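K.L.:
If you want the building blocks of each chain, they are given just below.
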Amino acid sequence: MPNQLEVRHASVRYGRQVVVDDVSFELESGVIGCLLGPSGCGKTSLLRAIAGFEPLVHGEILLHGRQVSRPGHTLAPEKRRVGMVFQDFALYPHLTVGENVVFGLRGISGKSQRQRVGELLVLVGLSGLEDKYPHQLSGGQQQRIALIRAMAPRPEILLLDEPFSGLDVELREQLAGEVRAILKREGVTAILVTHDQLEAFALADIIGVLGSGRLRQWDSGYHIYHRPADRFVAEFVGQGAMIPGRVLAGGRIESALGTMSADFKQQHQAGDSVELLLRPDDIIHDDESDFKLKIVGKVFQGAEYLYTLSLDDGTELLCLVQSHHDHAVGERIGVRLAVDHVVAFPG
Amino acid sequence: MRPTASRFPWPHLSIRLNGWSVTVLSLALLLAVPVIVVLSYLFEPAGEVWRHLADTVLRDYVINSLLLMVGVAIGVLLLGVSTAWLTSMCQFPGRSVFEWALLLPMAIPAYIIAYTYTGLFDFAGPVQTMIREWTGWGYGDYWFPEIRSIEGAALMLALVLYPYVYLLSRAAFLGQSICVLDVSRTLGNGPWRTFFSVALPLARPAIVAGLSLALMETLADYGTVQYFGVSTFTTGIFRTWYGLNNAAAAAQLSAMLLLVVFALIILEKISRKQARYHHTSQRHQALTRFELNARQSVMAFLICSGALFFGFILPAGQLLWWALTTAEENLDSRFLNLITHTIVLAGTASLLALMLALLLGYGKRQQKSWSTLFAVRLAGMGYAIPGTVIAIGVMIPFAAFDNALDSWAREQFGWSTGLLLSGTLIALVFAYLVRFLAVSLQTVEAGLGKIRPTMDEVARSLGTGSGEIVRRVHIPMLKGSLLTALLLVFVDVLKELPATLILRPFNYNTLAVRAYELASDERLADASYAALTIVAVGILPVILLSRTITRSRHAKSA
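Chains A and B, in that order, give the protein sequences. Using full-length UniProt numbering, the letters of the first sequence map in sequence onto residues 1 to 347. Using full-length UniProt numbering, the letters of the second sequence map in sequence onto residues 1 to 558.
One chain only, chain A, in its complex shape (with noise of 0.2 Å):
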C-alpha cells in the first residue's frame, strides 16, 4: 500500500526567495505528523503546497500514491480532498455550527449529512451546539469546529496550521492532547505545523524540524530532544548547554565531566576538539558524588528546580533537580553525569 503522502525534493520558491529548500519525507496512513520550527522557516509554506495553494518549483507530492503536485502542474486544493485547519479556524460567520460542518459533505442525503455532524460533535463533546453561531462559541469550542468542519468529508490528510495560537495558554496542551486523542480514534493521518515544541511533542507521532527552508531531522521527539541532527535542532528544541570536549584515540571524549561515548555528527579524529550537548535532564544531582559545582542561577519550577551550574573554566552547565533538593546560590553541589553517551558537534 502506498503511503499516505510522500514529499519528494520539494521546493517552493517566492520571487527570488527560496523558503523550502529539497524537502523530503513520508507518512504512513493514522500517523500524526508534524512541522516544527521558528517563524520563517517555511513550514506553513510547505503545508500550503500539501494544501494546493502554492505550487512547487521542484520535486513532487503524491497523496496516496496519486502525483498532486510537480513543477508545472498543481492540482487545485478542492480537487485533493485534504482538510485544513487554520490558525484562524476561519468559520463562517453567516452559518451555524451545523452548517458550518456540513459545508463540505456533498453527495450525500440531508439525513446522513446530520448523522454525521451528530456523530462529529458527540466525537468532540460539543453535542447540542449545531444551532448555535460561531461567535457563541469559545475559543476552545469553535477550534474544535473548525477541525471536525475539516474532517467532516473523510479527507485523504488534515493538515492543521498553528490551530492552537490563537488559544490561551493554558488552553493549549489540555486542546492539544484531546485533539490527539479524538484524530487517532477516527484514525485520521494528519500533519501539525506549529513553532510550539510542546505542542509537537503531545500531538504528533513523528516530528520534522525545519530550519531555513531545510528540513533538519525527520524523528521521534525523544531522539530530535536527545539525538539532534544538527546544532540548529540542538538549539531550537529544549534547553542544554554546550560544553568544549577533545577527542581521544578510540573515539572517546574527554570533558570537564570526564570521559564519555559519543554520537559524533561528523568526520573527525584523536585531538579533534568538539563541543558537547547536555540536557538538564542528562546532569543528576547526588550529594555522593565527589564532582561538585558550584550554583550560579537558579530558577523555581514547582516541582523542579533549574540550577545554572559554573565549571571552574567558566562553562555554565544546566541541572533539573527535584524541588526539595533546596539549595543557595554560591554553594557546591556534587552531580553526575546520567549518559554516557552525548552528541559531539564540531568545536
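Treat the hints as calculated values from the structure; they're not laboratory data. For clarity, every value in this text was computed on a predicted model and none was experimentally measured. Treat the hints loosely; a few may be bogus.
[Claimed, not checked] Listed below are several chain A residues computed to face chain B (Cβ distance under 7 Å; list not exhaustive):
1. 51
2. 77
3. 78
4. 86
5. 90
6. 104
7. 108
8. 112
9. 304
[What the hints assert, rightly or not] Here are the computed lysine-lysine pairs in the DSSO-like style, where the Cα-Cα straight-line distance is at most 30 Å:
10. 273(B) with 132(A)
11. 479(B) with 79(A)
12. 298(A) with 184(A)
[As the list claims (entries may be wrong)] Taking CB as the label site, the calculated pair distances span:
13. 368(B) with 72(A): 23 to 31 Å
14. 127(A) with 547(B): 32 to 40 Å
15. 480(B) with 14(A): 32 to 40 Å
16. 471(B) with 181(A): 34 to 42 Å
17. 190(B) with 316(A): 51 to 59 Å
18. 475(B) with 181(A): 33 to 41 Å
Ideal Cβ placement from N, Cα and C applies to all residues, glycine included.
Take the given structure of chain A and dock chain B to it, following the hints.
P.N.:
Just chain B now, kept in the frame of chain A:
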C-alpha cells in the same frame, strides 16, 4: 511572506491577472480625470479674466472662505466636543437617547437648514413678527441679528456639521482606557482638571480629524453661502463659469480651492494616524461614568438638547409645518415627477458606484500590488473634493470631447453629432461617481475585509469551486455591506446640490435642485416638500450609524 496572487479564487483567470490590474488602474485614472483637469489649470498662464478676478473679488473669496472656516471650526468644536464628552463620560437623564439623537442634524443638508432658519428668523418670519406684536415696535426700532450673513452661514454649517466632531471625539473618549482617567483622579484631579489635562489632549488627533472633515464640507458648500449672499470660492466659481463664461478662470479658482482641500486631507490623514497612537486601551472596559449632580445634570441636558433642538428638531419641525400647510398646492404630478427623476438618478449612480467598488475592492483583495493599491486610493479621493470643482472638471473635458467629435463628424460626414456627453445624464452620473465612489468603496472594502483569505482557502480545501465560494460565502457575508453602500451613495446623491446644478440636462430637476430654486425665489414654504423628503431619506443612514453605535456599546458592556 506569502504572495497574495496565489490566493486568487479563480485560478483559470490568474493568467489574466495583469489584465485585471490594468482594468482597475484605468478605471481609477478615468475617475481622476476631473481632478487632473482642474489641477492642470494651475500651470495655465493667467488669462485676462483671471487678472480681473485677482484685482477685484479674489481677496473677498479668500477672506470670506477663511472667516467661514474659522466660524465653523469654533462652532463644531464647541458643540461636538462638549456633547461627546457629556454623552460618553457622564451620567445624566436622557444620555442614552442623546447618544444617537445627536447625530440627527447630519440628515439635514446645510442649504436646507439655511433657508429654514431664514424663514424663521428674518424680518417677516414668525419670531420677529411675534417680537413686534408683543412690544409694538416697528421696522428699525430694534436690533435683531441678521441671519443672512457670514456669521449666520457659519452657524448654519456648524449646526449640521458638528456630528463629525461628535462622532470621532466620542470614539476617542470611549477608546481611552478608563485607567488613564482613573490615574488622573487618584492623583487628585477633579473631573474638570481630568478633562482638560488628560482626556482632551489624548482625544486631540481624533478631534482634529473630525474638524477637518467638517471643514472640507464647509469648503464644498454652495447652497448656504449662495443663499446668504456670502462670496466664497464656490460661489465665485459659479459666477465665473456662468456670469463671465470663462472656463479657464473658473478652473483656476477651482484649482486654488482644491489646494486648500488637499491641505485638509493631509491634516486629516496625519491626525488619524496619530489618533491610533493615542488610543490607550486595547481592551474596552465598561465605563463608569461620572455621576452628575442635579445642577450639572440640568446643564448637561441643556447643552445636548440645545444642539439637538437647533440642529434638527427646530428646522425639521418648521419644514413639517410648511409641508402640512401647503400640501394641497404641492403634492401634485410635478412633485411625483421630481421624485421619479431623483430616484432614477440616485439609483443609477448608487448601483454603478457599487459595481465599481466591487471591481476595485476585489482587485485590491486579489492582488495587493502597488498599482491596485494606488488605483483604489486614487478612486476614493473624490469624496473630499467640492461638487463644484468636480463639475468644472467634468464639464471641460466632456465639452472638449463633444466639440472635437462634432467638428470631426461635420468634416467627414457633413452632419452634427451635437452634445453626446456634456449636458446629458452621463456627465452628471459620472460626476456623482467621482464624488461618491469613496463612500461605497469604503463600505465594500470593510465588508470584504471580514472575508478573511483563510475562509476562501477552507472552502477550497473542502472541495468548493470558485463560483460556489462566491455564492455560498461571499454573497451572504457581503449582503449587508452591499445594501449599506447602495443606501449611503443614494442619500449622498439625493443631497448633492452644486454638481447637479451645473451638470444636469436642461430642465431636468431633482429634489435638491427644486428645493434650492424655490428657496432662492423666496418661496420657502413651497420648497419644504422637496426639502422634507431629502431630510426624511437622509435619516436612514443616520439610523444605520446610530445602530452601529448602540451595537458596539452592547458588545462592550457584554
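K.L.:
Look at each hint and say if it fits the structure.
P.N.:
Each hint, compared with the structure:
| no. | hint | result |
| --- | --- | --- |
| 1 | 51 | 6 Å, holds |
| 2 | 77 | 4 Å, holds |
| 3 | 78 | 5 Å, holds |
| 4 | 86 | 4 Å, holds |
| 5 | 90 | 4 Å, holds |
| 6 | 104 | 3 Å, holds |
| 7 | 108 | 13 Å, violated |
| 8 | 112 | 16 Å, violated |
| 9 | 304 | 35 Å, violated |
| 10 | 273(B) with 132(A) | 38 Å, violated |
| 11 | 479(B) with 79(A) | 29 Å, holds |
| 12 | 298(A) with 184(A) | 40 Å, violated |
| 13 | 368(B) with 72(A): 23 to 31 Å | 25 Å, holds |
| 14 | 127(A) with 547(B): 32 to 40 Å | 35 Å, holds |
| 15 | 480(B) with 14(A): 32 to 40 Å | 35 Å, holds |
| 16 | 471(B) with 181(A): 34 to 42 Å | 37 Å, holds |
| 17 | 190(B) with 316(A): 51 to 59 Å | 56 Å, holds |
| 18 | 475(B) with 181(A): 33 to 41 Å | 38 Å, holds |
In this structure, the hints that do not hold are numbers 7, 8, 9, 10 and 12, in rising order.
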